[in-house]
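Trainee: Just so you know, the protein sequences line up as chains Z and F, in that order. This note's numbering runs 254 ahead of the 1-based position in the first sequence. For the second sequence, position 1 (counting from the first letter as 1) is numbered -11 according to this note's numbering, and the numbering increases by one without interruption.
Take the hints with a grain of salt, since some may be wrong.
Some but not every residue of chain Z turned toward chain F, in silico, with C-beta under 8 angstroms [stated by the list, open to error]:
| id | residue |
| --- | --- |
| 1 | Ser286 |
| 2 | Val311 |
| 3 | Phe361 |
Keep in mind the hints are simulated off the structure, nothing from the lab. Only a predicted model underlies this, so the values are computations on that prediction, with no experimental measurement involved. Where is the CB? At the ideal position from N, CA and C, for every residue including glycine.
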Amino acid sequence: MFKKLYQFTLVAILLAFTIFASGCDEFCGGTSEEPVIEIAYQAGGNVTSVYAVKDGVELPPIEGASGTFFNIPVDINGSSVTYNFVTTQGNHTMQIFYDPVSELQSFECGFRFSIENLRLGSTTFTGAIISGGPNSFINYLITIQ
Amino acid sequence: MKKSIILIAIVFFGITLKSFAQDVEEPDNYQEKKNHFYLSVELLKTIPWLMIDNAYIIEPQLEYRSKSLVLSLQYGLNDIKNIIYNRMEYRNQGTYYKIGAGIDFSYFKNNDDRNNIILGGNLIFSSYKETGVVVFENPYFGNAELIQENDSRGIEVYFTYRRVFENNFFVNVTPRIAYVITDYDEPLFPVYYASGYGVVNVFENNTSNLNFTIGASLKVGYRF
C-alpha cells in the first residue's frame, strides 16, 4: 500500500518537474525574437550579402542572408529600414516602411514582436512585390524580380 | 554614493536605537504639548532597493503638528529595476509628491508627548516613466525598447505610530492603503510599478493590474 503511494508520489513529482523545469519556450512560439521578413530573389544571379543602414551607419552583413531565399531582420525600435543588397549582378538598395507591433503574451512567454502595414520605399530593384503578412498564414514575403 | 547612503542610514538608525535604550520613565502628569516639525526619511523601501545595483527610492518627509492637527509634505524620487515578463529588463524612473493631513489622537491624552498615534490621508501626485528592454537572442538591430509614461493621481489612508526618544530622534511605523484614481496609460504593457503607490502588478498579469496597493513604511527622523 505504502509502496504504491510512494511510487505514485515519485512519478507525480517527476512529471511535475519535467513539465515545469522544461520551461515554456517551446510552447510560446516566436516570443522574444526579432521579427523577420522573407526575401525571394528572382532577379537573376545570387545575393552574396545583405546589410542594413541605420542612422546613416552601415551595420555588419546579416547572417544567413545570401542565395535566392532568406530572411532579413526588421528593426522593432524603428519604422523604416534601408537594406543594401550585394548580388552577383551588382549592388542594390531597398527601403521598407512598416508599423512595429509588440504584444505581451503572458508572464511566462513575455512579448511577441511583429510588423504590420509593410510598404516599399525607394529601391533600385526594377520590380519588388509584397505578399503575406499578419492577415495570412505566412510571414511577409518580398519577391524581387 | 550608494555605500555612503547606506552608512548614513545605519548611523542614523543606530543613534535612534541607542536613544531608545536610554529612554527614561514617562511622568504620568499631563503636559501642555508644543507644536513641532518632524523631518524623516524612509528606510523600509529605501534599503532593499539600494541593495540592487543603481536602484533606489528616496522619500524624505516634513510634518508639522499644530495641536492635534498634523500636516505633511513628502517628496519621493525613485529609480528601480527588475526583471519581469520573461527576460524584460524593467526600469521605473519617477517622482511624486504626497500632501496630506491627519489627527494626532495622542494629543488628547495625558502623556509626555513621546508616543503619537496619527490617522490621516494624503493626496498623491506622481509622474513616472517605465522602460522595458526585451532581450533578444542574437539581435541584429538590438534589443526591443518599450517606453510608456504615466501621471497618476490618487489618495492614501495611513495610520502612524511614532515613538519619540529623549534626544528628539523618532521612529515611525506606518501601515497604509493607497488608491490610484486616474486611469493608466499603458499601450505596451500593464503598469508594473506606480511611483508613490508601489507595485500594482504583483503577479505580472499580462492583461490587467490593480489600482490599490497595501504597504508599510518605517521612518526615522528628528523632531524640532
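Trainee: Restraint: Ser286 (chain Z) near chain F, CB-CB cut 8 angstroms. Satisfied or not?
Mentor: Holds, because the Cβ-Cβ distance from Ser286 (chain Z) to chain F comes to roughly 6 angstroms (cut-off 8 angstroms).
Trainee: Tell me if Val311 (chain Z) is really an interface residue toward chain F, meaning its C-beta lies closer than 8 angstroms to one of theirs.
Mentor: Cβ of Val311 (chain Z) sits 11 angstroms from chain F, so the hint is violated.
Trainee: Tell me if the interface restraint on Phe361 (chain Z) is satisfied: Cβ within less than 8 angstroms of some Cβ in chain F.
Mentor: holds (5 angstroms)
Hint violations for this structure: number 2 only, all remaining hints satisfied.
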